[in-house]
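S.K.: Given next are the chains, with one letter for each unit.
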Amino acid sequence: MPDSALARILADFRGERAELLPILHRVQEAFGCISEAHQQEVARALRLPLYEVNGVVSFYTHFSKTRHGLPLRICQDLACHLRGASALIRDLGAWVRQAQGRGAELTAEPVSCLGQCDRAPAMMVGGEIITELTPQTLQAVVERLASGRPASTNGATEVGGR
Amino acid sequence: MSAAGASPRILLPPEGEAARLYELDASRRRGGYTALQQALALGPAEVVARVKASGLRGRGGAGFPAGTKWEFVSKAPDPVRYIVCNANEDEPGTFKDRVLMEQNPHLVLEGMALAGYAAGAREGYLYLRSEYVRSRERLRRALADAAAAGLLGDRVLGSEFSFRIHLFIGAGAYVCGEETALLESLEGRRGEPRLKPPFPTQAGLWNRPTVINNVETLASVPFIVREGPDAYQALGRDGQAGTKIYCLSGEVARPGAYELPMGATARELIFDHGGGIGDGRSLKAFAPGGAASGFLPAGKVDVPLSYEALANEGSMLGPGAVIAVSDRACMVDVALNLLRFFARESCGKCTPCRVGTEKLVTLVEGVQQGRGEPGVFSLIQELGPQMGLASICGLGQTGYNPVTTGLRWFREEFDAHLVGRCPAGVCVR
Numbered sequence: 001m002p003d004s005a006l007a008r009i010l011a012d013f014r015g016e017r018a019e020l021l022p023i024l025h026r027v028q029e030a031f032g033c034i035s036e037a038h039q040q041e042v043a044r045a046l047r048l049p050l051y052e053v054n055g056v057v058s059f060y061t062h063f064s065k066t067r068h069g070l071p072l073r074i075c076q077d078l079a080c081h082l083r084g085a086s087a088l089i090r091d092l093g094a095w096v097r098q099a100q101g102r103g104a105e106l107t108a109e110p111v112s113c114l115g116q117c118d119r120a121p122a123m124m125v126g127g128e129i130i131t132e133l134t135p136q137t138l139q140a141v142v143e144r145l146a147s148g149r150p151a152s153t154n155g156a157t158e159v160g161g162r
Numbered sequence: 001m002s003a004a005g006a007s008p009r010i011l012l013p014p015e016g017e018a019a020r021l022y023e024l025d026a027s028r029r030r031g032g033y034t035a036l037q038q039a040l041a042l043g044p045a046e047v048v049a050r051v052k053a054s055g056l057r058g059r060g061g062a063g064f065p066a067g068t069k070w071e072f073v074s075k076a077p078d079p080v081r082y083i084v085c086n087a088n089e090d091e092p093g094t095f096k097d098r099v100l101m102e103q104n105p106h107l108v109l110e111g112m113a114l115a116g117y118a119a120g121a122r123e124g125y126l127y128l129r130s131e132y133v134r135s136r137e138r139l140r141r142a143l144a145d146a147a148a149a150g151l152l153g154d155r156v157l158g159s160e161f162s163f164r165i166h167l168f169i170g171a172g173a174y175v176c177g178e179e180t181a182l183l184e185s186l187e188g189r190r191g192e193p194r195l196k197p198p199f200p201t202q203a204g205l206w207n208r209p210t211v212i213n214n215v216e217t218l219a220s221v222p223f224i225v226r227e228g229p230d231a232y233q234a235l236g237r238d239g240q241a242g243t244k245i246y247c248l249s250g251e252v253a254r255p256g257a258y259e260l261p262m263g264a265t266a267r268e269l270i271f272d273h274g275g276g277i278g279d280g281r282s283l284k285a286f287a288p289g290g291a292a293s294g295f296l297p298a299g300k301v302d303v304p305l306s307y308e309a310l311a312n313e314g315s316m317l318g319p320g321a322v323i324a325v326s327d328r329a330c331m332v333d334v335a336l337n338l339l340r341f342f343a344r345e346s347c348g349k350c351t352p353c354r355v356g357t358e359k360l361v362t363l364v365e366g367v368q369q370g371r372g373e374p375g376v377f378s379l380i381q382e383l384g385p386q387m388g389l390a391s392i393c394g395l396g397q398t399g400y401n402p403v404t405t406g407l408r409w410f411r412e413e414f415d416a417h418l419v420g421r422c423p424a425g426v427c428v429r
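Quick note, the sequences are listed as chains A and B, same order. Take 1 as the starting number for the first sequence in this note's numbering and just add one per residue. Take 1 as the starting number for the second sequence in this note's numbering and just add one per residue.
If you're looking for bench data, these hints aren't it; they were derived computationally from the structure. Here a beta-carbon is modelled for each residue, glycine too, at the ideal position from N, C-alpha and C. Heads up, a few of these hints could be off.
Simulated restraints on C-beta separations [to be verified]:
no. : chain 1 : residue 1 : chain 2 : residue 2 : range
1   : B       : Arg267    : A       : Arg44     : 57 to 63 Å
2   : B       : Arg254    : A       : Ser58     : 38 to 44 Å
3   : B       : Gln38     : A       : Gln100    : 55 to 61 Å
4   : A       : Leu50     : B       : Asn312    : 48 to 54 Å
5   : B       : Ala62     : A       : Glu132    : 30 to 36 Å
6   : A       : Gly55     : B       : Ser378    : 51 to 57 Å
7   : B       : Asp230    : A       : Glu132    : 39 to 45 Å
8   : A       : Gln100    : B       : Gly239    : 35 to 41 Å
9   : B       : Gly375    : A       : Lys65     : 41 to 47 Å
10  : A       : Pro49     : B       : Ala62     : 46 to 52 Å
11  : A       : Ala37     : B       : Gly280    : 25 to 31 Å
12  : A       : Gln100    : B       : Gly280    : 38 to 44 Å
13  : A       : Ala7      : B       : Gly153    : 30 to 36 Å
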């Protein structure tokens with residue numbers, strides 16, 4: 001049974017193999033995941049076997065098969081590590097668990113380098129990059145998100161840095 | 001801001017000047033797209049000749065001569081060819097392409113158009129990592145503005161040359177910075193590297209001859225075409241050509257992207273430009289060329305950050321990313337952090353890399369936790385180079401460097417962990 005929102009996304013494409021990643025980006029954005037049903041419909045539209053679509057979905061870290069709540073992606077690599085990321089990652093885990101306990105749909109997700117090494121430590125939430133994190137600013141980000149507000153106070157796409 | 005004074009910049013906006021070069025008008029006031037105009041009068045062969053003569057080498061890490069790549073594709077029998085700009089900048093410590101695309105996106109697009117003209121391609125793809133939100137916004141606007149002004153698209157500047165650029169967004173995979181993995185990803189597949197040969201210049205995107213260059217490489221071309229190869233050569237130091245955007249990160253006072261003459265030293269970058277190591281600490285080690293280059297001790301800060309000089313030290317320039325490590329850090333901990341990155345990002349296609357990166361993490365975790373067996377270091381020193389020989393792509397070929405260079409220069413710190421002691425007091429158990 002075709003998902004009508006997904007059918008509308010697929011209608012924007014020609015149905016070529018090379019469109020698979022752009023399509024999956026749209027599906028991930030619209031549904032917060034790419035479920036098996038989504039994968040089947042995408043596979044049909046592109047005339048690909050399901051395993052090909054599944055293989056691509058599972059390869060790339062920005063695609064997820066199930067919905068986990070909003071991921072708080074925090075960098076764990078060297079430039080951030082040298083500026084205190086390991087302690088921040090421990091703190092983030094604890095604050096997110098507390099927020100989950102209060103019903104907030106958030107997940108802590110340590111990720112690979114975000115390319116913000118000049119403004120370390122850094123994280124990404126939705127389309128927003130937040131840099132030069134301290135325990136205080138990180139806790140404030142979790143609090144704002146847990147109460148349904150944007151990650152940063154000014155709503156800018158990039159925060160911090162020079 | 002810099003104590004070392006201004007050095008010529010051809011990529012980033014002039015220091016201290018609020019040049020909004022990401023806007024088309026401002027870019028054109030400073031000569032944007034004049035090299036493209038000139039090229040259309042010079043002809044493709046002359047553009048290739050200038051890039052070859054300039055000595056420009058790949059700024060993404062491999063250091064391959066750009067003009068040679070362009071020449072291969074320009075002479076390919078297949079008339080359908082592609083240009084790919086590699087903007088999947090994912091290596092820890094590297095962010096220069098982000099700064100360049102944010103501050104001067106038109107320079108990158110002009111470089112792609114020049115590559116298209118020289119190599120005889122009508123289409124180009126810019127593969128951008130998805131986390132670069134501002135780069136994406138700036139590039140989207142730059143593409144629209146350039147097309148509306150007749151600088152891209154059909155009949156560029158009224159000529160017979162047509163060139164269209166597609167912006168393609170990646171989905172979170174370091175390995176897609178490897179050129180053939182990037183091509184797989186562009187074609188809608190898992191980003192797993194291809195066996196070479198054939199090289200992308202022979203059979204690249206959809207098996208067509210393809211030029212793949214890094215962002216900074218392409219952005220260097222407009223200056224070369226406009227000012228000539230000699231002027232470009234003269235920008236570098238000690239026989240090195242051009243400028244380099246060095247990334248400085250880690251435990252320094254002023255991290256950032258600094259465009260300096262190619263061949264500047266780590267001392268200039270870390271101390272003159274970066275303000276040195278703060279808080280009364282001192283420099284212990286630095287990665288001269290990103291995560292894969294491994295480490296050099298502080299005593300090597302006067303080595304030029306160039307392809308040859310770093311190769312002579314058993315290291316590499318890579319993308320030109322210096323990560324500074326202070327005496328507060330533990331080299332076992334730092335090496336382990338980088339090994340975990342490579343293990344996480346290994347695509348799994350080839351066994352030496354898939355198993356080797358995991359094995360190194362397990363071995364060094366054991367060392368860190370005081371469980372290291374006496375023979376562990378010789379095992380690591382044997383395993384690393386084996387991965388280097390047997391892996392398909394650069395990830396497995398270099399991903400062991402953090403620990404083998406750590407052992408080479410900081411053996412006493414590793415030895416101390418075998419008897420349960422972390423000299424820096426970082427590793428807890």
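S.K.: Hint by hint, note whether the structure agrees.
M.R.: How the hints compare with the structure:
About 60 Å separates the C-beta atoms of B/Arg267 and A/Arg44, a value consistent with the hinted range of 57 to 63 Å. The hinted range of 38 to 44 Å is satisfied by B/Arg254 and A/Ser58, whose Cβ atoms lie roughly 41 Å apart. Checked against the hint of 55 to 61 Å, the C-beta distance between B/Gln38 and A/Gln100 comes to roughly 60 Å, which is consistent with it. Checked against the hint of 48 to 54 Å, the C-beta distance between A/Leu50 and B/Asn312 comes to roughly 52 Å, which is consistent with it.
For the pair B/Ala62 and A/Glu132, the supplied restraint of 30 to 36 Å holds, since their beta-carbon distance comes to about 32 Å. Checking the proposed 51 to 57 Å range against A/Gly55 and B/Ser378 shows it is violated: the Cβ atoms sit about 38 Å from each other. Under the hint 39 to 45 Å, the C-beta atoms of B/Asp230 and A/Glu132, about 42 Å apart, fit the expected range. Checked against the hint of 35 to 41 Å, the pair A/Gln100 and B/Gly239 fails, with Cβ atoms roughly 59 Å apart.
About 42 Å separates the C-beta atoms of B/Gly375 and A/Lys65, a value consistent with the hinted range of 41 to 47 Å. Range check, A/Pro49 to B/Ala62: about 35 Å between beta-carbon atoms, so the 46 to 52 Å window is missed. A/Ala37 and B/Gly280 have their C-beta atoms about 59 Å apart, which leaves the hinted 25 to 31 Å range violated. Taking the beta carbon of each, A/Gln100 and B/Gly280 are about 41 Å apart, inside 38 to 44 Å as hinted.
Take A/Ala7 and B/Gly153: their Cβ atoms lie about 31 Å apart, and the range 30 to 36 Å holds.
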